[in-house]
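Construct the entire structure; sequences and hints are all you get.
2 protein chains.
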Amino acid sequence: MEGVDHLAHERNKSEFDVDAMKIVWAGSPHAFDVSDRISKLVASDPGFRKDNRSMLSRKELFKNTLRKAAYAWKTIVDLHLSEEEAAKLRFYVDEPAFTDVHWGMFIPAIKGQGTEEQQQKWLPLAYKMQIIGTYAQTELGHGSNVQGLETTATFDPQTDEFIIHSPTLTSSKWWPGGLGKVATHAIAYARLIVGGREHGVTGFIVQLRSLEDHSPLPGITVGDIGMKFGNGAYNAMDNGVLRFDHVRIPRNQMLMRCAQYTCLGMPSDAKLILEPCILIRVSQVTCEGKYKQSDVPRQLVYGAMLYVRQTIVADASSALSRAVIDYKTQQSRLFPLLASAYAFRFIGEWLKWLYADVTQRLQTNDFSTLPEAHACTAGLKSLTTTATAVRGPYGIRWKKKRLGRRSLSSSEQIVSPSSSSRWSPLEEESLPVEDKSLEERLNGIEECRKLCGGHGYLCSSGLPELFAVYVPACTYEGDNTVLLLQVARFLMKTVSQLGSSKKPVGTIAYMTRVEHLMQCRCGVQRAEDWLKPSALLEAFEARAARMSVACAQNLSNFDNPEEGFAELSADLVEAAVAHCQLLVVSKFIEKLQQEIPGKGAKQQLEVLCNIYALFLLHKHQGDFLSTGCITSKHAALANDELRSLYSQVRPNAIALVDAFNYTDHYLGSILGCYDGNVYPKLYEAAWKDPLNESVVPDGYHQYIRPLLKQEIRTARL
Amino acid sequence: MEGVDHLAHERNKSEFDVDAMKIVWAGSPHAFDVSDRISKLVASDPGFRKDNRSMLSRKELFKNTLRKAAYAWKTIVDLHLSEEEAAKLRFYVDEPAFTDVHWGMFIPAIKGQGTEEQQQKWLPLAYKMQIIGTYAQTELGHGSNVQGLETTATFDPQTDEFIIHSPTLTSSKWWPGGLGKVATHAIAYARLIVGGREHGVTGFIVQLRSLEDHSPLPGITVGDIGMKFGNGAYNAMDNGVLRFDHVRIPRNQMLMRCAQYTCLGMPSDAKLILEPCILIRVSQVTCEGKYKQSDVPRQLVYGAMLYVRQTIVADASSALSRAVIDYKTQQSRLFPLLASAYAFRFIGEWLKWLYADVTQRLQTNDFSTLPEAHACTAGLKSLTTTATAVRGPYGIRWKKKRLGRRSLSSSEQIVSPSSSSRWSPLEEESLPVEDKSLEERLNGIEECRKLCGGHGYLCSSGLPELFAVYVPACTYEGDNTVLLLQVARFLMKTVSQLGSSKKPVGTIAYMTRVEHLMQCRCGVQRAEDWLKPSALLEAFEARAARMSVACAQNLSNFDNPEEGFAELSADLVEAAVAHCQLLVVSKFIEKLQQEIPGKGAKQQLEVLCNIYALFLLHKHQGDFLSTGCITSKHAALANDELRSLYSQVRPNAIALVDAFNYTDHYLGSILGCYDGNVYPKLYEAAWKDPLNESVVPDGYHQYIRPLLKQEIRTARL
Ligand SMILES: Cc1cc2nc3c(=O)[nH]c(=O)nc-3n(C[C@H](O)[C@H](O)[C@H](O)COP(=O)(O)OP(=O)(O)OC[C@H]3O[C@@H](n4cnc5c(N)ncnc54)[C@H](O)[C@@H]3O)c2cc1C
Ligand SMILES: Cc1cc2nc3c(=O)[nH]c(=O)nc-3n(C[C@H](O)[C@H](O)[C@H](O)COP(=O)(O)OP(=O)(O)OC[C@H]3O[C@@H](n4cnc5c(N)ncnc54)[C@H](O)[C@@H]3O)c2cc1C
Ligand SMILES: [Ca+2]
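Chain order of the listed sequences is A and B. Going by this note's numbering, the first residue of the first sequence is number 1, and it counts up by one from there. Going by this note's numbering, the first residue of the second sequence is number 1, and it counts up by one from there.
Any given hint could turn out to be false.
Put simply, identical chains are the same to the list, so a pair is met inside one copy or across any two.
[What the hints assert, rightly or not] Below, in silico cross-link-like pairs of lysine-lysine (BS3-like), each with a Cα-Cα straight-line distance of 30 angstroms or less:
(1) 591 with 619
(2) 128 with 709
(3) 59 with 681
(4) 74 with 709
Just so you know, the hints here were simulated from the structure itself, not pulled from any lab data.
Right under this line is the structure:
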């Protein structure tokens, strides 16, 4: 059957130019070319095989990951790959490894927080991998709560050193990737203590292991924190535990770019002025950023891809049944996922632009768009997980100099260290920006698994590992609820300033029309009217505005605003979601106002955009109805239109996932394989399980035979 | 710290009698006593240790499971445990194993489908475990679609035998638990062919392996289907693949209780009359029923238990932070879960009654309540997973004799073989009936994991395995959408008969008041009014009735009703959900009309009942608003009341989960441990990972050192 495309009949149905769509999806012909070339290179090299991952024991898995990381590096060196290509290669190798933290967190932290001098010393070593770094912030007892970190770094003026110490069990560093078994160095975060006074949490470069024999240095206790969720998945990574017992490091290993100290090193009773920058959103330092970054696109599209291919295949062998994808109930579960994939692809593109814009402004000390930009990224992190533009907490952060130690103004508070999201720069690892709702993505993977029936529960389907790798993204990027509360704070501030001279700009500009939005009426008469971008936009804007205003009104009933904020937090989160969904819908609509080459490509995207918006409208109709933005009549018309859109997308479903252009190697799923030849491959894969090495299983004589032979009473168990 | 209760201060806050609540939860003092005794017996026996499960390789894990299964049997035999106690023991041992299918599917299938004679021959062998059975229905290409099964059983009149054969790859049996490596016998389902004519899918007892040396018999190819989702979890089970190559079995190994054949064995051209019973809901035979059955209660309460305990502990070590559970956003995620646990506990009790009632009626040929009862169980399976009363497809089914081969009447169709749920009897394994929404339970586990931050991703938290074990329940019990569509069919039928003399009875009786419900107005004026059971009930009844009626009206616009049903299926599913939620709410309210002993217990349950109902009302406010059952004002009042209920339940949260009375062994979660001493235990567990056996990891010399020493070009990788 090799070479036969079992899905050819489906592919022939499609009504648009798939190759053109591939380029739309990739972002540019160049981006497509690099991705296509490197993904095929990885897929064709048996050194990067990954189909056996779930069968390996922890130790085998880990050792194999070490091998792959070395092999990837060798390939990059041997083939003289460019930085762009190297990043893609790491992406397509697709295995969580210590290198993710080294490239994605350790190096960016030095670049972002190190002085010129520190960079010159450490970066070349790190670039050549003469040292391997980890990023050690989280402690056993302190994750989101960065202010609570307990590790101390006490300055000893006698020796001009810092003494790094773990005073309690809960101060043990816990989770850093690559720490357990590999990293030779760490950026460790600790409370800086100089002259008996505390100066907040700061980063320090600490050597952990001998560069000669890899043994931990004196005072360092380090190990792996144990098995994590799933088969393969993050068990390939040595997330670690680390304790310091009065470990001394030279003064110049404190990351100093942000600390303009005047008298560090003077007698401890001297007046000390430390002016650390405000590291915007330093707080909840996420982790494995690099890996996550690379993995997001797969998770994004994977569900849809596999889902479509498998549901078309399902039961194809039986004359009795039709393809599962033809059931309306299945379509109403699948097609919104597919539409979200595209929606988030485009919001990601826009975030890339936003990042560049804000960075440029910051360089000229223009902080005006910062709060709005922060609200966008925090909200979209929560609604969507961003891959590159907003890719994690490490990396060069947007900084804002803080003079003196005055307390933060409320506008700064939005971007204060206690907030738990952060931007990161477009680093050398610049990848296609693709995003997808966190919740939706997880639900999407689960949905996908359910759609595939029992087969989705087999590791050979690829879904279990996908899920396990994806799951922690909710955690290590900062809790969504916390992020949404930040967006809500921004919204409340915007509402409170509505009368004032401060005009809402950018994505919140719709609030300038709040009076209209508070009382406009939906003009939809027939189902097709919902296809008008203006009708959709107004409904989403009115909903968002009305929910924000309602929250602001309820807040004003509280004497203590903070108490009110806490009490109403669940409602505030809902208002924030409404705002973020508007953002995604509006950027999708904007994208479609541009030219999109390729026969039929634009039409397909229009269908998807409408599905995305109307699906949200249906799902959240409680919001739209309770705020009076639409009536139940309008809701029913939207639902009718949605059904007709599902029929329109149906013949193009397979081509729309083909446009993601991922190799079978990268997907790592038998169910999602390109040619749809699912059953023979599943059957073949089964026999490779270690249990099938012998026909009669190990344990038969001790534990099965005594049952059958009624000798259990005397059996030794 | 051993013996110190770190949560004592929380426990002291509670306002009700926990011991009394434990008995409410267990169902009776006797049930509590047995559970308590047996769970402690299992927990204290090192032979049942399970904390190392996630670290074992597939082969080690499997062998260890074989040992435990034998050890459990030995314990049952040695201690002369009663059937009730033995069932509890298997439950608390809590490891998926071949014994689940043997006791939970193989034996019940023989009891349900075998003749007296067959039962006398096979049951004693099975009861003593002289043979070990599996239940082989699903095929590689056919799951839900039972009519599509391809395996054939051709009658050979010459030898008076059946020839069991797998004609295609997709006809390979696939998934049966215990099949891969252990089972000596199977109930295999195949298309019965006699005299060249097909007679539908029937079960056959087939020996698979030699009872002497365990090798597969001639014509049998059997193996394991490979790794499944998660660490430990279902990898302890040898779900298998099986192919038959013209395997001959005696005629009397066809399960005959339902086949009143007159001339099987006569020349093949003779007139043949087969009158198999209609096996109600035979179709989608689930699997591992026994295991699932036993596992449901854990999944049910586990999330809430762990969630509460952990969120109270979280960051307790840091003076800066307060218990995470005090955040309103967390409460709005947690307390509805806790309330659902209790809601489903009580609906489960009611289902037990329903089962008994219908069984009794069937014995007197009273089929009147059957369609309604079916709709209840199908719907509640989907909304909730039932543990005992509706525990799987195997077991003795409610049968209805079918005379002749006439096509099914439409009322039968609801319970036809193509439907995918089924009742099962209260077998010897009668366990507490506990249920919980499938979706909600999964979401609950995920929610719980998120609430625990990073730690929930560690296997030592117990959450990963819980999730993995739980995940397939969505699949192997029959797809929820399909089940809800059956409920919808029943609802549409009810609506269509509203004018007629056929009066809706039982749970659908509210439809007799449809005229009132179509136009009643919500009388809630103040937030507290929502605490009136009558107000809640009317709102839920009106919503359910109006959604059903709206669907019926939309359906009537279609010329072809089946086409309409397919087209509107997504709306129909929503109407079915509304009906099922009403059912759960109303049974919770009914429960509270009974006497509930124990200081404060009833008050707590009232708070939980109101949380459950108002949470649903908030979550589905789109339904309530669009049907005009409530106004946005009412919705806002409900929301206010919900917030106040959260504050009321807060001090009792820990005691409400303590009432589940599970041992730390059974929970298998460091985060959920009774004494709350989380951090030292997490720390200690980490060091047990195999990777920590050596300080310098295996692979250092080959794969890490060449990087650090810049020797990658010459490294052998
Ligand atoms: C796979 C993985 C890899 C990681 N890699 C690294 C790494 O390389 N380096 C590193 O330093 N760390 C790493 N981490 C740690 C990660 O950064 C933390 O898990 C994360 O910061 C969350 O902290 P926590 O786990 O302590 O959860 P917590 O902060 O304790 O959160 C627990 C729950 O409390 C709630 N909560 C907390 N604060 C609030 C609030 N103010 N309001 C309302 N609710 C709140 C949240 O909703 C959350 O659900 C990793 C974690 C994982 C899972
Ligand atoms: C852990 C585990 C243990 C198992 N143990 C056993 C066992 O012991 N013995 C045994 O015989 N089997 C066993 N099974 C198999 C199990 O019974 C099947 O997986 C189940 O019947 C579903 O069938 P399927 O996997 O082929 O999914 P399918 O039936 O192919 O379903 C795939 C998807 O198609 C959709 N679909 C199917 N039909 C329709 C329809 N009419 N309308 C709308 N949508 C539809 C469903 O939504 C589903 O999501 C086990 C499975 C698992 C996961
Ligand atoms: Ca989920």
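Quick rundown of the hints versus the structure:
1. 591 with 619: within (24 angstroms within a copy, 32 angstroms between copies)
2. 128 with 709: between (64 angstroms within a copy, 10 angstroms between copies)
3. 59 with 681: So residue 59 and residue 681 pass the 30 angstroms test inside a copy (28 angstroms) and across (23 angstroms) alike.
4. 74 with 709: between (57 angstroms within a copy, 13 angstroms between copies)
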